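There are 2 protein chains.
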Amino acid sequence: MYQELFSERARRIRKSAIRELLKLTERPDIISFAGGLPDPETFPRKQLAKIADEEILIHYAKSLQYGTTEGSKTVRSRFAQFITQQEGIEIDPQSELIVTTASQQGLDLIAKTFIDPGDIVICGLPTYLGAIQAFHMFQARLIGIPVLDDGWDFDVLEATLKKLLSTKPRPRIKLFYVIPDWQNPAGICWSKEKRERLVEIAEALGILIVEDIPYRQLTEGKPIPMMKAFDSDNETVIVLFTFSKILAAGLRVGYIYGPREIIKKLVIMKQSTDLCTSPLTQRLVARCITDPEFKKHLFLLRETYRIKREAMLFILQETLGGIERVSWTKPEGGLFLMVTLPENVDTEKMLERAIEYKVAYVPGQSFFVNNKGQNTLRLCWSLPTVDEIEIGIRRLAEVIKQEISISCPQAPK
Amino acid sequence: MYQELFSERARRIRKSAIRELLKLTERPDIISFAGGLPDPETFPRKQLAKIADEEILIHYAKSLQYGTTEGSKTVRSRFAQFITQQEGIEIDPQSELIVTTASQQGLDLIAKTFIDPGDIVICGLPTYLGAIQAFHMFQARLIGIPVLDDGWDFDVLEATLKKLLSTKPRPRIKLFYVIPDWQNPAGICWSKEKRERLVEIAEALGILIVEDIPYRQLTEGKPIPMMKAFDSDNETVIVLFTFSKILAAGLRVGYIYGPREIIKKLVIMKQSTDLCTSPLTQRLVARCITDPEFKKHLFLLRETYRIKREAMLFILQETLGGIERVSWTKPEGGLFLMVTLPENVDTEKMLERAIEYKVAYVPGQSFFVNNKGQNTLRLCWSLPTVDEIEIGIRRLAEVIKQEISISCPQAPK
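Those protein sequences? They're chains A and B, same order as listed. Each residue of the first sequence is one higher than the one before, starting from 3 at the first, in this note's numbering. Each residue of the second sequence is one higher than the one before, starting from 3 at the first, in this note's numbering.
Any given hint could be a false lead.
Intra- or inter-copy, both count: the list cannot distinguish identical chains.
DSS-like, lysine-lysine: derived pairs with alpha carbons at most 27 Å apart [claimed, not checked]:
hint	residue 1	residue 2
1	52	64
2	165	351
3	266	64
4	64	48
Simulated from the structure, these hints should not be mistaken for laboratory data. A quick note: this is a predicted structure, and the numbers were derived from the prediction, not measured.
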């Protein structure tokens, strides 16, 4: 009955069928590789409890009070210190950084600040669903570039840009949205060459890069330089970061850093969005990550996820290795991998059977802005135990084999 | 350099000059009646620290993990219980309530969900600046109705509606935005009759009411029924609430309750905005407010603010009582009152002199969507001590008297 009162953007947005389906997978007897939930056993709860006690009892006049929209000076300084420590990049926390209510708010603010209806955002095929939703909310036109093993397919990118730039009137291409490190959902990591190249293209065309790096710290060994590292004038790349995957998702704290003029505008945009991010959770994060213990925490976290990831890859190989037209990505970090099945398999339909077999995943289609990918699925290894991973992948392999035998009967030889 | 990349809404939004000016008032030697910050000594820190400890150490798998977008079931049930306790209204927490990152996010979600460029929102003259900003962000057309001692001026409201409804093409009037209890900034409380009447008008015209009630619990004696109480079919009134003023602003927790179909849509809209409000701060609030101790806390809180308010009103009367064309509202609750000075006084200009005298307030103009109100100012009594209130109001009275003698030289008798 409120259709006439809803805004255009609200009328367009539909409840995601897939999220509804995934609610079924929360049954305790189902082993779920669906949600991207971090392992709660990795949350440094003792340390957080100790800090929370001090923050609430002693620093209550700051931690429980309204804070400034951009985040407190101390917190921003500590975040900058963390960035320098991790990346060797020096930033001015007071003008180049804004604290956000985790990365999803970062995406909302970016979309709010840059997108008018019809503006173009170029993203990966596949890409993060929450980003697709944030950009769609502001009626962006999303154009996808196929993701190869080392980043986007630059042949397709260049052809796409050429076509767009020769269109009259020239469409407004605003943003490249990328997750260069162990991308959600495909678990792909961009090569150094492609990172550098995208920055060059963006600079040349006056397009901004949104570099979303939630999984960057979940890399084995030394990570590849960020795209930001190639943005020497700090004019082209906006970095989104969240502490959800490396500290605790429930604190809802992240940051954006980037060009000063953009940060200034984002602060104004955030003001009417939520006044400020909780100073309590900001301060919990800031103190936790600059504690010397945090390095050990990060090390253990990487180990936990490495072991789970290797278990998943091992059982996948054991159960599905060698089956024709079945393949999967082999990430060396992050939380996700993507399985591709023969083209006529529909993973959304297959999910019903999977639920019967008490295993769950996310059908890939919702990650593809071109509506393809119906033969793909995303697996996340962070939440289940190693034993559950073994049992769950065996169940899934069974489901996949059955589905293939039904959907793709062998052609007579 | 990013002007061409910014969205229309981002290009229109300007940094608020007044906020810049108010930064000056944060000097420790200035007694500030400007910000609407609650008194941190009222935050129940011992209770919160105890709950935080349990939540982080024991319930970490919930409190530090991602939560559902609408808020956890337990939290929503506790919020509903609180509403029933306070208002005697029974609500279904699972379909009629969504947890928000405090009320400012409530306003952002409402604006996002209902406002297309040019849509009309009718609000008070004056009204809450954060609401003006949230609606302006989505390019609403704001129309103000003068606020009298008992609510809006209904003669003006009716004339305005008549004019709007006879305009061709008929403009889209989407929302009435009201703060019926001790309104920010004027400290006005709506009469029962006007509350009931506005609901009738809204129902008849198919307009929604956004009833924002951050100060409702800060009322002496029994509060007047909410507008929501007259919305018997739960179809017309959307209630915004925050725990910022009665528990702790830094937790950033509030809720919206209202018609089911609207709540359902708001959940979808919130998903791309921030995925979820911090489960940790949600749970801290939910447990704190349903603790038997909380009644005592509310009682002490009201007493604290009553004493400060009475001190302010007393010194205002002593120093400015009887001065021609100087008046102020006399609230019996909330955190704010509004002073009106002779028409040719400009309170924004006067603020410079006030800062010299080491006292601060908010010039009223930014609360008026018709750009009037330059001879008004808002005072907030929650943060300073009673002694500071006395000294500060005496300083302010001095400033006002001087300003009047300069701006309004006595006409010869």
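Checked hints:
For the homomeric pair residue 52 and residue 64, the shortest alpha-carbon distances inside one copy (17 Å) and between copies (18 Å) are both at most 27 Å. When the C-alpha separation of residue 165 and residue 351 is checked against a cutoff of 27 Å, the pair qualifies neither within a copy, at 36 Å, nor between copies, at 55 Å. In this assembly of identical chains, the alpha carbons of residue 266 and residue 64 lie at most 27 Å apart only when taken from the same copy (23 Å versus 35 Å across copies). Both within a single protomer and between protomers do residue 64 and residue 48 lie at most 27 Å apart by alpha-carbon distance, with minima of 22 Å and 15 Å respectively.
Figure legend: structure checked against the earlier numbered hints; the only hint not met is number 2.
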